[in-house]
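**Student:** As a plain string of letters, each chain reads:
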Amino acid sequence: MRSPARLAVLILGSAVLTATPLSAAHPIVPGFERFYSGPDTEPAKGGTLLLGELNCVSCHAAAEGTKKQAPVLDGIGTRARVSHLRKFLADPQSVKPGTTMPGLFAGDPDKEAKVEALVHFLASTGSVKQTRPDLKATIRGKDTYAKVGCAACHGPRDLTGEPAKQAAEFAVPLGDLKGKYTIPALAAFLANPLQSRPAGRMPHLLKPNEATDVANYLLQGTKLNVPAGMGTTAYSYFEGGWENLQDFGKLKSKLQGTSVAFEIGIAKAESHYGFRFEGYFRAEAAGKYTFTLSSDDGSRLLVDGEKVVDNDGVHATEIKSGSIELTKGVHKVIVDYFQGGGEATLDVAIEGRGLVRQPLAPLVAATEEELDRKPEPKKNEKDDNALTVRPDLAEKGKGLFLSAGCASCHTLLAGGKPLVSTATAPELGKLKPNGGCLAETPAPGLPRYDLNAVQRRALAAAIAKPQAAPTDPKAVIANSMLTFNCYACHARDKVGGPTELTDKLFTTTTPEMGDEGRVPPPLDGVGAKLNPDYLKQLLDKGADDRPYMHARMPGFGNSNVGHLTAAFGSVDALPSVPPVKFAQTESKVISAGRFMVGAQAFGCIKCHTFAGNKAEGVQGIDMLLMPKRLKRDWFHGYCIDPQKIRPGTRMPTAWPNGQSVLPNVLDGQAHTQVEAIWAYLGSKSPQIPAGMGRKFMPLIPRDEAIIYRNFIQGAGTRAIGVGYPEKLNLAFDANELRLAMIWKGGFIDAARHWTDRGDGFEGPLGDETLRFPAGASFAVLSKPEAPWPGGNPRDAGLKFLGYSTTKDERPTFRYAFHGITIEDFPNPSGKENPTLQRTFTLAADRRVDGVYFRAAVGSKIEPSGGGWFRVDGWKVRIDGAEPFVRQSDGKSELLVPMRLTDRTAKFVQEFAW
Amino acid sequence: MVSYLTQDQPMLKYRWFLISALVLALAGGAAAQGKRSKADEEDEYYKLLRFETPPGEVLEAGAIEPLPDSKVAVSTRRGEVWLIENAYASDPKEAKFTRFAHGLHEVLGLAHKDGWLYVTQRPDVSRIKDTDGDGKADRFEVVAEGWGISGDYHEYAIGSKFDKDGNIWVTLCLTGSFTSDARFRGWAGKITPEGKFVPTTSGVRSPGGVGFNAEGDVFYTDNQGPWNGACGLKHLTVGGFVGHPGGFKWYKDPAARYLGAEPTTPKSGSRMMTEAKKIPQLNPTCVLFPYGKMGQSAAGIDCDLSGGKFGPFEKQLFVGDQTHSTVMRVFLEKVNGHYQGACFPFRSGFGSGCVPVRFGQDGSLFVGGTNRGWGSRGTKPFSIERLAWTGKVPFEIHEMRAKPDGFELTFTKPVDPATAGKPESYVMKTYTYIYQSAYGSPEVDHTTPKITKVEVGKDGKSVRLVVDKLQEGHVHDLTASGIRSVDGQMLLHPNAYYTLNYIPSK
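Those protein sequences? They're chains A and B, same order as listed.
Last residue of the first sequence: 912 in numbering that gives the first Met the number 0, with the numbers rising by one and none dropped.
Last residue of the second sequence: 505 in numbering that gives the first Met the number 0, with the numbers rising by one and none dropped.
Derived by calculation from the structure, the hints in this document are not laboratory data.
For each residue, glycine too, the CB sits at the ideal point set by N, CA and C.
Among the hints, a few may not be true.
For the chain A half of the interface with chain B, some residues (derived, Cβ under 10 Å), not all of them [said to hold, decoys possible]: (1) Pro-207; (2) Asn-208; (3) Glu-209; (4) Val-313; (5) Thr-316; (6) Ile-318; (7) Thr-584; (8) Gly-602; (9) Thr-648; (10) Val-660; (11) Leu-797.
The list that follows gives simulated cross-link-like pairs (lysine to aspartate or glutamate, DMTMM-like), each with its CA atoms no further than 25 Å apart [stated by the list, open to error]: (12) A:Lys-251 to A:Asp-303; (13) B:Lys-460 to B:Asp-486; (14) A:Lys-905 to B:Asp-486; (15) B:Lys-266 to A:Glu-515; (16) B:Lys-266 to A:Glu-168; (17) A:Lys-287 to A:Glu-168; (18) B:Lys-195 to A:Glu-735; (19) A:Lys-798 to B:Glu-140; (20) B:Lys-391 to B:Glu-43; (21) B:Lys-292 to A:Asp-303.
Distance ranges between label pairs, derived from CB positions [what the hints assert, rightly or not]: (22) A:Pro-531 to B:His-445: 32 to 38 Å; (23) A:Gly-341 to B:Lys-251: 26 to 32 Å; (24) B:His-153 to A:Ser-320: 31 to 37 Å; (25) B:Gly-55 to A:Gly-341: 34 to 40 Å; (26) A:Gly-657 to B:Gly-306: 47 to 53 Å.
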C-alpha cells in the first residue's frame, strides 16, 4: 500500500496506542481510520465518507449523498438481550466503543425513563432464545474465525474469543458480544447478516453450520463448565512424539480431569499428544457387544481391562472393530488415543444387545455414581432478560421512536406499516460547521456520536465544501472499495490491501503457492479478467473458488455493490483477441484441447484440479471454473504471458516468447491452441484429461524377489520391503534394525510413491500381516533375567551395514553389533504353503558374552510341539540354538542365547502363520 | 467468435487441410509454420539427442555418472540404476539400456570409485557393486547415514560426484521444504573417504543439484521460497550459512558442534547483502536466476572440463532448470574473496524437467529429466538426453566481469565495433529481491543505471562498459540486442544477468 497517508496513519496508529485524546472511543469507520485520520489527508473527502457512514443525511437532507442504511429493527427482540438494549441505548459508545450509533439521550435528565420505555417497545418485537454451548463447535469456530476472513476486518481473536493482545489496525469493533447476543441469536445473524443489516457493511461470509460454530466461539463463557453425568469421561492428557500407542497407565500425564466423552479437542497442541479416556457404561442385557474405533492416528479400546479393539499406528482415519461378551451391569471402558501430525479424529461407537450401532459417548459417564444421573441444566445467569412488556411503556417507547430520531435511521414495521420519523433537522447545506452534533459536547436532545477532533474537522470541511458523488467509474470503484472496506483484503491502483500486520492473518493450505495462494488478489484489472455474470454473483453472494486459500470472498448484496460490475468492466480493458477460425471440426478441436491440457502435453492438470479430480502437486484452481469465471480474452493473454499480467506468478507458459512447445498441435499458433483449450473447457461435459488420478501399480515378483525401499506403514521411514515369488513378503525397518512385518499375498502397491509427489506411507498389499513390536532383536544382557533394553537399537550399538543379493535378488541383511557381524537371510521355505525361514550367521571379531536374540514377544508363549512355540496367534521355531521362554515386564518373551563357538554361530528362526 | 470446419463442407476441402497438416507435421512442425523457435536456432550449435528408453520402463532421472568403461550410469526416482552402453554413439537409437540395480530409495546422486557405484539416496549414501559378474548389483553397503528422515516426501538428499579430496557432498532438503523436523534437514555436508557424514553448512532450503567449479569448490542450487527471493547458485563452505535459518537447531548436535554457535538469525524483510554485513557466516547467493526469466526451479550443476570439446565455454558451469526445461550457463569470478557472476540462457527444448546434468567422457552433456509432481515446459514425463557440440561456435557473450566502474564483456567471436561500441546497443536495469521469511519475492529496488561509455577491446572480442550508479547486491540485467558480430550475426542470446554482490575496488 503506497497511499501518501500511510506514514501519517502509522503515526496515528501509535498515537492510539499511547492513550492521547485521539484514542478516546469514537465511531470507527474503517475506511476513515485508515485513509483519512492522519494529518496530511483531505478532510473534505474523509468527511464525505462519514456523512454517509454515520447517516447524517438521514436527518440533514441533502441533494446528493449516500447513506448507510441502519440495521432493520424488525424482530430486534429476538436478536438482542433486553439487558444489553437498556445499557446500549443509554450510552452506546461506552457499551460498544467504536460504534457508529449515536446516543440520543445524552444529558437528558429523563434518560432512564425514556430508555426504559424504548426497551419495552423494542422488546415487544420478540424475545431471545438460548442454547447450551457446544465445545466441539467452539473449537471449530475458533478455526473458522481465524481463517475465512473475519479477522481481516474485525482483528484477530484468542482462544477464548476475546480480541488478541496485539493492536488490530482499523478493526471494526464487535463490542460486548456476550452481553448482547445468545448463541442462536448470533448464529442467526451470522448466517444471514444482510437480512437485518441490508447495507452490507457486514457481508455474508459463513455457512449456517459455520455461523453456529463462530457464535459458540465468540460467546464463550469465562470458564467452561465441567459437565457432570452422562456423556463424560475422565481423561489423562500426555504429550510426546510416538509411532504407536504408549502404555498410558505408566506415563506421567500433563493434565487430568473430566470432560465431554472422548473429546480430543481439549488437547493443548495440534500434534504429538495422547489421551487415556476412562468411563463407565451400563450393559442393559448380557450378550455380545461390538465396539468400533475410527481414529487418526492410533487408538485402542479396552473393556474391563481386556483389549477389544486395536486401531494402533500412524495412519489416516481407519476404522477397526472388536467384540466381547459382556454380563449385564456396569463395565469400565478405556480408550487410549494418540496423535502424530496432520489430521486428528476419534470416534467411538457401540453396537450390541438392544443397541443399534451408535456413538458410545452419550452412554458413558466419568464415574459409576454419575452413570444414571442426567446432566444438570446450567444454572442460569441472573436473568436480566426477564421482562414483562408493559403496554403503556411500549406505547410511550413507540412515540419516542418516532420523535427522538430513531426512525430517521432505523426501519421498523409496526402493524405492517413502516414507522415514519417525526424528528426534524436543518438541511445539510444550511448547517454551521461547528454547531449541533459537531460541537465538542452537543446540546441535550441532539445525537451524540462522540466524534473525535479529526472527525469533527472532516465533517465540517465536507459540510462547507460538499463533494459531488462520483460518476467517473474509476472514482466510483475507489469510493465503493473505501465504503465497503474492500481495502482490508484487496489492493487496487496501489491503494489498500492487507497491511504488514494483517498480512499475517491470511493463511493457506499450500505455502509453496506463495502469496498467490494465501492472500486475496489485488483487484487491478479485475474487470478485464472476470466474466460480468460471475463478477456480479460473487459481489452479491460471495465465492470460495480457491480451496487452498483459507480466506473467502464475502457477499455484499447486489443492491449495495451490483453497480461495480459495470464500473470494473468499463475501466479495465485488455487487448481483444480476434476470433479464431479452425480448420478442424469442433470435435477435433475439443479433442486437441483435451490433449493439450493432459499429462502427455502441457500438463495443466499437474497443478490444476479438473472437475474436482486431484492434481499432481499443488491443487490449483479447478479448470472447469475457468470458462465460468474468466473472460476469453483474459484467458488468452494470461496463458500466453502470465508474467505480464501477474508478475512473479508461478504459472508457467506453454508458449514461451509466444512459441508453442508443441508446434504440431493444430496449426501450432498460440492463439489457436489457447482457443482450443478454451473450447474444450467450455464444452458440455468435457471428458477428464489423460493422466489424471492414481492408478494401481502392484509390484508382482515372478522369477525374482523385488526389493522396495520407501516409507512403509509399520516399518518406518527407512523401510526395506521384500516381495518373494512364493507370495510371502516382509518389511525390514533399517532405523531399528528389526524385522517389522511379514505378510502373505500381494507385495505392495507402488502407486502412492510413484505417482505425483509420492507422499506418505504405504502398507502391505496382501494380508495375514504379522507386526512385530519395536525394539532391537539382539541385545547384551547381564543375566538371563535382565529386562530387554528399550530405546533406539542404534543407541544400543546396532549398526546397519547393508545387504547383498542372490542372483534372483533375495537379500541377506547385514548388521553389526558389539563387534559381531550378523547376516540375516530371510527366505520362504518352499513353494507350497511356505513358512518364512530366517537364517542368521554371526561372526565375531572378539569374544562376546551375554548376547541374546529375542525371537518373539507376546502376551502368551507356550510350546506347541515339534519345537514350535505358539505366540498369541502365530508360531515360531528356532533351529540350531536353544530358546527359552521368560516373563518380563508383563509380557512373554522367547529368548535365544547366542553361543559363539570359534566366534561364529548359526541358527534359523522360522515363522508359521 | 470462433468458427469450426463444419461437417457438411465438401470432404475434398477437408482432406486438403488434413493432408497439408500432415505434410507440415512431417516437415518438422514449427519450421514450416513460420518463425524458427529458439531451440531450433540453438540446435545449430548444440545438438539435442534424445535416448529411447526401453518400452514400458520409467526412467525419471535423478543422477547421472559416466563410468570408466564408457558406459553411463543413470539413477532414477523409483530407486533403479540403469547402465547405458553406446551412450556416445552419434545416433542415440544405438544406445542399449540395462538395469543394474533396483529397490533403492530414490537415488539423486551417483559417484563412481574403484569399481563401486556410490549412490546418494533418501536415507543414506550407500555403495553398490556387481561382485558375481552377472551384470546386476548384488552387494549393497551403507557408507554413511547421519541425517534424519521424518517421512515427509520433500526431504530429498541430493548428492554430488567425488570432489578432488574424495568426498561426496550431500544437500538435505527441509521438511516439506519449510521446516527442519529431522536431523540436519536444511544442511549440507560431506561424506569423507572414511565414510563419515560431516555436516558443514546450514541455510539450505530446497536444493536442486550440487556440483563443482573448475577449481573444485562446491556449489549447489536452491529454489525460490522462504528466504530465497529467486532460485540461485550458492557456494558451500565449511561453517557457512547460505540463507534459510530453519535448520539452526542442529548446531547443537554433537556432529556439528565443531562449527561453534549458530549464526544470528537474519532479519526478515531486509536484503541479503545488508544481512551479510551483520552475519559473518552468511554467504550471499553467488548467482541469482531471475525468476521467470532464468527458469523457475534450478537443478543440476556441472562444469565443462572437456578442454574445448563442448565449444568455447570451458570451465564455465551449466545448470538445469526443471520448470523451463532448459540448461543455463554460469560464469563465476571472485570479487573481494567471494564468488559471484553472471548467468546466461544457453539451451532450451529439453524433453522433460531438467534435473541432473553431467558431462560425459567425450565432452558432451548428459541431461536427465523428470516432471512428476511438478509442471515443466518439456511435455514428456521423463527423458534422458545428450547435448553435443556441433563444432560451430555460436556468437555469445563469453564472460562478464565486474569492474569498479562497470563491466567487461568478452565474446566468442569478434564484434562489429560500430554496434558493439555504442551505448545504445545495450540496455541495463538493476533490481534485487527481498530477503524474507515469506515465500519468494518480487523484483524490488529497481534502478536504471546509465551506460555512459563503451570501449571495444583491442582484440575486438571484448567491450568495457562504463556504468554509472552500480548497485551493490543487485542483479544487473543486461540486454545487448544491438550488438552484431563482424559477420553481422546477432547474439544467439543477448541477455545476461550479473549478480553484483560486491563491487571490485580495482
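**Student:** Determine which of the earlier numbered hints do not hold for this structure and return their numbers in increasing order.
**Tutor:** 1, 2, 3, 5, 6, 11, 14, 17, 21 and 26
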